[in-house]
Each structure stands twice: as C-alpha cells, then as structure tokens.
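**Student:** Letter by letter, the chains look like this.
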Amino acid sequence: MKNIWNFFAGTLVLISKGSKAYYCWVLFLLVLMAIGASAYVHQLNEGLIVTAMRDQVSWGFYISNFTFMVGVAAAAVLLVIPAYVYGWGPIKEFAVLGELLAVSAIVMCLLFVTVDIGHPERFWHLIPKIGLLNFPQSLLAWDVVVLNTYLVLNLTISIYILYNLYYKREPNHHFYTPLVLLSIPSAISIHTVTAFLYNGLGARPFWNSSILVPRFLASAFCSGPAFMLLIFLLVRKYTKFKIKDEAIQKVAEIMAYAMFINLLLLGAELFKEYYTDTIHLASVQYLFQGLHGHSALVPYIWTAMIFNVTAFFLFLIPATRRNNITLVIGCILVFVGVYIEKGMGLVIPGFIPDTLHEIYEYSPSGTELLLAMGIWATGLFVYTMLLRVAIPILNRDFHVADDGVGSYIGDQMFLIQQKPEEEPESVETH
Amino acid sequence: MSDTTKNEYIQHKSRRKFLKGLAAGVGLIAMPGKDASASVWEEFFQKHFRELSKDELKVVIGRLEKEYSKKFAKQVTVKTTPPIEGVLYGYGLDLSRCIGCRRCVYACVKENNQSRDPQIHWIRVLQLDKEKGVDLSHAEHYYNPEKVPEKGHFYMPVQCQQCEKPPCTKVCPVQATWKENDGIVVVDYNWCIGCRYCMAACPYGARHFNWGKPGLPVAEMNPVTHYLGNRPRPKGVVEKCTFCIQRTREQPGRYPACEEICPVGARKFGNLLDPNSEIRYLIENKRVFKLKDDLNTQPKFFYFYAT
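Residue numbers (numbering that gives the first Met the number 0), protein chains in the order written: chain A, 0 to 429; chain B, 0 to 306.
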C-alpha cells in the first residue's frame, strides 16, 4: 500500500516537471478544457436546445465523435497483437503506449456520451442492481458494459506493467498475458457493439445493413493507427523515446490492407443501394449527391473519399510508405477521411430523411463545437499526462530511488526537440 | 413467496445504503443551491416507477402534486390508474374521411400539456398526393393553405402506433419506457436519462425530446394528469402519445382528446379484445393497413378506408 502511494506521489512530482514547451502545451489544453466546460455549463442550464439537434436529427456531432473515438480506442489491438501474440520486439517496446491511447480514447467516448444525454445526473440508473440496466436487451447497455470492460482492462495492464518497471521488477507475464489476450476480443467487441447499436434499427435503413460491422472494423483499423502513428512520430521527435522505423512501417502496412477492405466494403454498399434503387437509397443520395436541394454533407464526404483513396495508395506503395513526409500526409488524410466518413457521414444520414421522410439539415451549433473541442482537449490532456509518466518509465528515467522510497527523475524536460542526426539544426546544439 | 419478499427487502436496503453513500459523494461534487429543498434529493434518488412500493408511490405522487400545484397555481392531480383487465387498446384512422384540419394536433397539445415553446406535437399530419397514394417520400409536412382539404390531396395523421413489438422499449438502456398490459407504451419521465436511443429506433417519428425547458403556460395547464402520461415534463426527457392514458383508463372512460375533437369522425378508438367493439368491426370489415407493416412492429394503430 505504501509502495502504491509512493509511486503515485512520484508521478505527481513528475508531471509537474517539464520543459517550457510542455508547460505551454498543457496550459493550452487546460484553456480549451475550460472553454469546453463553460460550454457544458451553458448546455446544462439551457438544455440540449443549444445544440442544432432536433427530433428529426436526434443524434449529432457528439455521437459522431463518440463513434469515431471508439474506433481509435479499438485500434490499440493492432499493436497488442504483433507485440504479445507474435512477440515482435520492435512493437512490444511501445505497445503500452497504444494501451494508454485506448484509455484516453475511451475517456473521450464516455465524455461524448455524457454530454449528449439529457439527464447526466441520472447515470446511476445504468448501474446494474442499483439502477435498471436493460441488459441484454438494449445494445446501449451492452456498450456500457464492453466500453467499461475495455477501459478497466487497458488501465490494469498498463498501470501494472509501468508500476512494476518503476520498482525495477520484471512484470509477471502470467498475470498480464491473460489480460492482454482478453483485451483483443474486447477491442473487437467495443467496435462490434457500437456498430450493432446502429445496425439493429429497422427504422433506419441507412444503418440497417449487415455490412456495417465489418465496415466499422475496417475503418477503425485505418483511423486508429493513423492517429497512433502521428502521435508516435511526434513522440519520437519531441521526447527521448525511441521507436524503430520498422515498427512504424509495419503499422502503415496494416493500414493499407485495412483501407483496401474499407473501400471495398463501401463500394459493395454503394453498389447495392444504387443498383437496386429502392426508396432506401434516399440517405445515400443525401450523403453523396444531395437530396431535394439539401447537400450539406456532400462536399465533406467527397473530401473523405479523395483522402481515403489517396492515403490507400500512399500506404500501398513501399516508397511513399517509407518516406516520413508522405507517411505523415497519409496519416493525416486517413484520420480526416475516416473522421468524416465514420463520424458525421455515418450518423447524420441515418436521420436524413427522417422516418416520415422529412429533411432537416443538421450542422453542429457553436456550443457543440466548443464542447467537442473541450473533450478533445481533455483526451489529449489525459494522454499527455499518461505519456509524461509512461515514457520516462520505459526509458528507465523514472524509477524508485535507491532509498526505496523516493523517486529518481532522470527526464526533467519531457517535451524537447530531440537531436535527429539527419537534421541540420542538430549542429547548433553541440 | 415470503423468501422473495425478504430478498427484495434486503436488496432494497442495500441499495438504499449505496445510494446514501452516493448522495454523499455526489453532494461533494454538485452541491445544490441554497434554495434546493430536500425534494431535490428525493427526486434524484427516486426509484423506477415499477419498483416503487405502494407507500413509496404515495410519497412520490404527493411530492409531485405539491410541486405542480404550486408551480401552476391550481390543484393538480397525478393519477396512477393501472391498466384495466381484459382491455387492449386499438386505434382506427379513416383516411377517406380525414380532411387534414389538424384539430387533433392541437387538442392533443392542450390535453397532454405539451410544451408550446419550444413546440412539441405528438401528432403529425402528412399531406399526401392522391396520385401517389401512401408514399411518405412525397409527404408534405408543413402544408398551410387557407382551407383544407386541398384538391388532389389526402391526409394522414401519424402518432405513436402503440406497437405490439415496440422497437423503442427494446433499446432503452435503463428500461425507462415499456409497454403496459393494455398495450400503451409509456415513459417514466423521472427515470429517462435522455439518451434518445428510442427516437432513433422508432420508425414513426412518434417520440419527442424536451430539448429545452418546456414552455407550458400556467393558465393552459390541464390539471388532471397521469404519472405515465400528461403530467408536466422536465427538460431533457423523451415523451410520446399515450392514447390519453389519463382519460382512457378511467371507468367510465373517456375517448382520447384527438378522437373526441375530430370533426369528421375519422378517428375510432376501442378495445381490441371486445369482439363487439367498433374497432373490431372496422378491422374485420374494412380495408385496413398498418404503417410500415414490413418492419413487424405490429402497430395497434390501424389505417382504413371506410368509403
């Protein structure tokens, strides 16, 4: 118990230390979080009427972001599988960073759901036995269960490993391997259940397609790794943590396959809708062409299409995959492309036209944008804090001191431009 | 039998204990303002309607009646009349008669204390083309001519279809909405968390959300209410048509407000289990259809053509 407290106290000291860049970054996130919080207070006072959602389009930007973040969270398995199942060294070295990303993403998911509901203070109605969780009937109940399971699993695994490394002990793989193996189906389950949540509604033909789950999974295995790669490239550049090129290449290669499957499934969906040309085509038409003069999403979805296809080729061709600049471009394209396609592009057309074929065009209100920004900042803040602790531990720069009580902090700066050999400015620092 | 009651008692006790702990915890985070009375906490910890014991229900109803009576400056009653044995409500709507006057829409608003601003309507009347038939994709929702009916058009009011297999209740994560024994789908406004999954699931646009604070003028408030029906709603919860549960469950019962107001007799209401009822006669003798029959929601709302 004493050890846990010492570890915790040490991490608190650690996160308060850092370079100017680190302080600026954290301050920046805190300001955005404060703005988001004030937007939430406004929404709590006035009700969800301050959003652009209405009865016709009853879910909007919040749930779109939630859906996308579930994908990012699930993508951590792309590191876990090669690292623990195949024991591939280059990825195993930083798989824990993927697990921490999953934790941050799930925190964002839970926040996005919380701000979307009308009575967040009634959350206890969802707790089994105390409230009345409608399990197994409601898929939202399933989602509550699997998201929390996944969160607990990833927290347990990563904290267990880091805690042991801090005390200079080898983590007991008999303890964490079963948990890691369990986290693999668990990651698949959060995405499957979230897809089922939409999929199971006969009222919404746009979602009521059996291809939806595989489409979700395929796009998650694009967007999640894209986000991870961007972060890892930044981590490599601005912290002392080393990530091998081959590990990054491997993830990029997996993304190329995932994007191919994603595009194939989308094509299959579009063929079925357009060729059969039933009344259910309306939502797809709204998304890709506009319907009866309403076309708010059309420019976005075509942007997403172009981005996704371009990124597919960038990851497919070995030369562009290996080039750091085209790799970064590819990651950004995938991230934005899937954010549109699996966010607003998936949620909104489910409601347009609505069940009585009314068209209400939705685009997020200022409050929704500010609040969502606040949640993104919160997610990044959580991840920054987790990395602030995890990276020094993995680098052996943060561990228990020789007296067995205090902490040794070797990495006082954390965020600082590293000296990459190939870049010319490295000369000045000598 | 006594065993189960004992178990339930223990469960309730431990639940109460947990809630007390929770209260302490939540209290630290979100202290209610100075004017908040004990009823705020009572409301917060109120159990699901169907889990309330008789005594607990009495306390809840007393609290609500007091609160509403004070707010609307009149004696407000909140009934909890249960379903009548042997009754399954069914509704018939004669498309050949409806003239699209929307009197039903506004009678419903008045009877059921819907918010006037922001506006909530439980009934939506669609204007359809005679040429195209029941084709929702050509429906006009906001028709507004000097006079109805307009040439070449017919009208189709849509409200909760009180499905036998309601997709909305199935998806609710907290069982805040359910189908009663008389077939009416109801919502416990004190249990609904406002996630709106039911609205995504409903194929008929029958569920409505209180996006803002309901605007219900004191003078227009109907003080005869039912807990599961037309009592005033808070913001942030879902509401829907209940076949005027506060009227139809009484003995002698009254017709739903929409049925009563219809100037052309297009609306029919009755007991589907009574072989001599008008609704049974219509189903057996007229050309009847159910909206979106292919979804197998099995509505108890029957559209028909009498002439």
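Think of the hints as simulated: they come from the structure by calculation, not from any bench. Treat the hints loosely; a few may be bogus.
As the list claims (entries may be wrong) - Below, in silico cross-link-like pairs of lysine to aspartate or glutamate (DMTMM-like), each with a Cα-Cα straight-line distance of 25 Å or less:
1. B:57 <-> B:179
2. B:70 <-> A:45
3. B:212 <-> B:93
4. B:131 <-> A:276
5. B:69 <-> B:116
6. B:164 <-> B:293
7. B:289 <-> A:357
8. A:16 <-> A:410
9. B:109 <-> B:259
10. B:131 <-> B:84
11. B:234 <-> A:272
12. B:69 <-> A:45
13. B:150 <-> A:357
14. A:128 <-> B:93
15. B:129 <-> B:116
16. B:65 <-> A:245
17. B:285 <-> B:64
18. A:128 <-> B:84
19. A:128 <-> B:179
20. B:212 <-> A:410
21. A:128 <-> B:41
22. B:146 <-> A:357
23. B:178 <-> B:84
24. B:212 <-> A:360
25. B:291 <-> A:272
26. B:109 <-> B:64
27. B:70 <-> A:410
To be verified - Simulated DEER-style distance windows between Cβ atoms:
28. B:109 <-> A:372: 54 to 64 Å
29. A:184 <-> B:55: 41 to 51 Å
30. B:136 <-> A:19: 52 to 62 Å
31. B:282 <-> A:126: 40 to 50 Å
Unchecked claim - Facing chain A, a subset of chain B residues (Cβ under 10 Å, in silico):
32. 132
33. 134
34. 138
35. 142
36. 143
37. 170
Heads up, the beta-carbon is just placed ideally off N, CA and C, and yes, glycines get one too.
**Student:** Each of the hints needs a verdict: does it hold here or not?
**Tutor:** Hints versus structure:
Of the supplied pair hints, the one linking residue 57 (chain B) and residue 179 (chain B) holds, its CA atoms being roughly 20 Å apart against a limit of 25 Å. About 19 Å separates the Cα atoms of residue 70 (chain B) and residue 45 (chain A), which keeps this hinted pair within 25 Å; it holds. Using a Cα cut-off of 25 Å, the hinted pair residue 212 (chain B) and residue 93 (chain B) is violated, with the two alpha carbons roughly 35 Å apart. For the suggested pair residue 131 (chain B) and residue 276 (chain A), the alpha carbons sit about 18 Å apart, so the restraint of at most 25 Å is met.
A C-alpha spacing of about 21 Å is found between residue 69 (chain B) and residue 116 (chain B), which places the hinted pair at or below 25 Å, so the restraint holds. Distance check on the hinted pair: residue 164 (chain B) and residue 293 (chain B) sit about 13 Å apart at the alpha-carbon level, within 25 Å; holds. As the CA atoms of residue 289 (chain B) and residue 357 (chain A) are separated by approximately 20 Å, the hinted pair is consistent with the 25 Å bound. Taken as a hint, the residue 16 (chain A) and residue 410 (chain A) pair is honoured in the structure, with Cα atoms around 9 Å apart against an allowance of 25 Å.
For the proposed pair residue 109 (chain B) and residue 259 (chain B), the alpha carbon gap of about 13 Å is at most 25 Å, so the pair holds. About 42 Å separates the Cα atoms of residue 131 (chain B) and residue 84 (chain B), which puts this hinted pair outside 25 Å; it is violated. Our distance criterion of 25 Å between C-alpha atoms is broken by residue 234 (chain B) and residue 272 (chain A), whose separation comes to about 39 Å. Under the criterion of a C-alpha separation no larger than 25 Å, the hint pairing residue 69 (chain B) with residue 45 (chain A) is consistent with the structure, at around 23 Å.
For the proposed pair residue 150 (chain B) and residue 357 (chain A), the alpha carbon gap of about 22 Å is at most 25 Å, so the pair holds. Distance restraint check for residue 128 (chain A) and residue 93 (chain B): the Cα-Cα separation of roughly 46 Å exceeds the 25 Å cut-off, and the hinted pair is therefore not satisfied. For a cut-off of 25 Å, the pair hint linking residue 129 (chain B) to residue 116 (chain B) is broken: about 34 Å separates their Cα positions. Taking the CA atoms of residue 65 (chain B) and residue 245 (chain A), the gap is near 70 Å; set against the 25 Å cutoff, the hint is violated.
For the proposed pair residue 285 (chain B) and residue 64 (chain B), the alpha carbon gap of about 44 Å is over 25 Å, so the pair is violated. Taking the CA atoms of residue 128 (chain A) and residue 84 (chain B), the gap is about 31 Å. The hint is violated against a cut of 25 Å. Restraint check: the Cα-Cα separation between residue 128 (chain A) and residue 179 (chain B) comes to about 23 Å, which is no more than 25 Å; the hinted pair holds. At most 25 Å may separate the alpha-carbon atoms for a hinted pair to count; residue 212 (chain B) and residue 410 (chain A) exceed this at roughly 52 Å.
With a CA separation close to 19 Å, the supplied pair residue 128 (chain A) and residue 41 (chain B) stays within the 25 Å bound. Restraint check for residue 146 (chain B) and residue 357 (chain A): the C-alpha separation of about 23 Å stays at or below 25 Å, so the hint holds. Restraint check for residue 178 (chain B) and residue 84 (chain B): satisfied, since their Cα atoms lie roughly 15 Å apart, inside the 25 Å limit. With a C-alpha separation of about 23 Å, the suggested pairing of residue 212 (chain B) with residue 360 (chain A) holds against the 25 Å cut-off.
In summary, the hint linking residue 291 (chain B) to residue 272 (chain A) is supported, as the alpha carbons are separated by about 20 Å, within the 25 Å threshold. At most 25 Å may separate the alpha-carbon atoms for a hinted pair to count; residue 109 (chain B) and residue 64 (chain B) meet this at roughly 19 Å. Between residue 70 (chain B) and residue 410 (chain A), the direct Cα distance comes to roughly 62 Å. Violation of the 25 Å bound is thereby established for this hinted pair. For residue 109 (chain B) paired with residue 372 (chain A), a C-beta distance near 42 Å fails the hint of 54 to 64 Å.
Against the hinted window of 41 to 51 Å, the Cβ-Cβ separation of residue 184 (chain A) and residue 55 (chain B) comes to about 42 Å, which satisfies the hint. For residue 136 (chain B) and residue 19 (chain A), the Cβ-Cβ distance of about 60 Å falls inside the hinted range of 52 to 62 Å, so the restraint holds. In this structure, residue 282 (chain B) and residue 126 (chain A) meet the distance hint of 40 to 50 Å, their C-beta atoms being roughly 44 Å apart. Against a cut-off of 10 Å between C-beta atoms, the interface hint on residue 132 (chain B) is violated, since the closest Cβ of chain A lies about 13 Å away.
Of the supplied interface hints, the one on residue 134 (chain B) holds, with its beta-carbon coming within about 8 Å of a beta-carbon of chain A, less than 10 Å. Taking 10 Å as the C-beta contact cut-off toward chain A, the hint placing residue 138 (chain B) at the interface holds, the least distance being around 6 Å. Hint status for residue 142 (chain B) relative to chain A: violated, with the closest Cβ pair at about 12 Å, above 10 Å. At its closest, the beta carbon of residue 143 (chain B) sits 15 Å from a beta carbon of chain A; the interface hint therefore is violated under the 10 Å criterion.
Hint status for residue 170 (chain B): holds, given a least beta-carbon distance of 5 Å to chain A, under 10 Å.
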